[in-house]
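Listed here are the chains, written in short residue letters.
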Amino acid sequence: EAGVVQSPRYKIIEKKQPVAFWCNPISGHNTLYWYRQNLGQGPELLIRYENEEAVDDSQLPKDRFSAERLKGVDSTLKIQPAELGDSAVYLCASSPGAHSGNTIYFGEGSWLTVV
Amino acid sequence: AQTVTQSQPEMSVQEAETVTLSCTYDTSESNYYLFWYKQPPSRQMILVIRQEAYKQQNATENRFSVNFQKAAKSFSLKISDSQLGDTAMYFCAFGTQGGSEKLVFGKGTKLTVNP
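Which chain is which? The protein sequence lines are A and B, in order. Going by this note's numbering, the first sequence opens with residue 1, and the numbers climb by one from there. Going by this note's numbering, the second sequence opens with residue 116, and the numbers climb by one from there.
Some hints here could point you the wrong way.
Unchecked claim - BS3-like, lysine-lysine: derived pairs with alpha carbons at most 30 Å apart:
#1 A:16 to A:78
#2 B:170 to B:185
#3 B:217 to A:62
#4 A:78 to A:11
#5 A:78 to B:188
#6 B:188 to B:217
#7 B:185 to B:217
#8 B:217 to A:71
#9 B:222 to A:78
#10 B:225 to B:193
#11 B:222 to B:188
#12 A:11 to B:225
#13 B:217 to A:11
#14 B:170 to B:225
#15 B:222 to B:170
#16 A:16 to A:62
#17 B:193 to B:217
#18 A:11 to B:222
#19 A:15 to A:78
#20 A:15 to B:222
#21 A:62 to A:15
#22 B:170 to B:217
#23 B:222 to A:62
#24 B:188 to B:225
#25 B:185 to B:225
#26 A:62 to A:11
#27 B:193 to B:222
Think of the hints as simulated: they come from the structure by calculation, not from any bench.
With the hints as constraints, model all of the structure from the sequences given.
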């Protein structure tokens, strides 16, 4: 069974440019997450989807970040315009559903460098 | 809000030896889940072991086991017979029960297994 797939794996952009990351969760997983991991830190949740509904986006910087999950499957995370402080690894993850204790499965992440 | 603290930024162990990674957490909830994730240089978060707070028995997965002390809010990971492939960042994570699958991560411990 395929795991969580993310693309691109690596991206280098100049500040003020836009960037988008794509995620395909594990088949059948209703819950999808976007985490951001800064260097030397643990991941921090940006947004969580239950199917196509964003149920927790309190940590998403809405002035420049946006996300969507059309049809409740794939998801896209966009940053526009990017700032130097956005350099991080963006991790997508999924789990079977909003049931307590379901294990969360992570993708390999998208490394963003803003120069 | 829940917090997770990993007090050991870096640790090293000789191959075939045993090492213990520490984790403490703070929460007012009585039912929750605890996880240890491994993150190799590829950056993919891989679940090592999980523990349900309502279970008194410590979880074990082959060479990996935990020492869960609920009253002390402590959740340490013991790796027996360490292997070179165990070299990675290890993150302790806390998950609430009750519909939210949000994980709160510690800052991680960098483990190096030496030949």
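Need the status of pair residue 78 (chain A), residue 11 (chain A): alpha-carbon distance at most 30 Å?
13 Å, holds
Straight-line Cα separation of residue 11 (chain A) and residue 225 (chain B) no greater than 30 Å?
25 Å, holds
Hinted pair, alpha-carbon criterion (30 Å max): residue 188 (chain B), residue 225 (chain B). Please report holds or violated.
22 Å, holds
Are residue 62 (chain A) and residue 11 (chain A) close enough, with their CA atoms no more than 30 Å apart?
21 Å, holds
Taking 30 Å as the top limit, are the C-alpha atoms of residue 15 (chain A) and residue 78 (chain A) close enough?
14 Å, holds
Take the C-alpha atoms of residue 185 (chain B) and residue 225 (chain B), compute the straight-line distance between them, and say whether it is at most 30 Å.
Within the cut-off at roughly 25 Å; holds.
Holds or violated: residue 16 (chain A) with residue 62 (chain A), Cα cutoff 30 Å?
Measuring from Cα to Cα gives roughly 16 Å; hence the hint holds.
Does the structure keep residue 225 (chain B) and residue 193 (chain B) at a Cα separation of 30 Å or less?
14 Å, holds
Between residue 222 (chain B) and residue 170 (chain B), is the straight-line Cα distance small enough, at 30 Å or below?
Roughly 26 Å between the alpha carbons, so the hint for residue 222 (chain B) and residue 170 (chain B) holds.
Pair hint outcome, residue 170 (chain B) versus residue 225 (chain B) [Cα-Cα no greater than 30 Å]:
It holds: about 28 Å lies between the C-alpha atoms, which stays within 30 Å.
Given the hint that residue 222 (chain B) pairs with residue 62 (chain A), does the C-alpha gap stay at or below 30 Å?
25 Å, holds
Is residue 188 (chain B) within 30 Å of residue 217 (chain B), Cα to Cα?
19 Å, holds
When the structure is compared with the earlier hints, a violation turns up for hint 5 alone.
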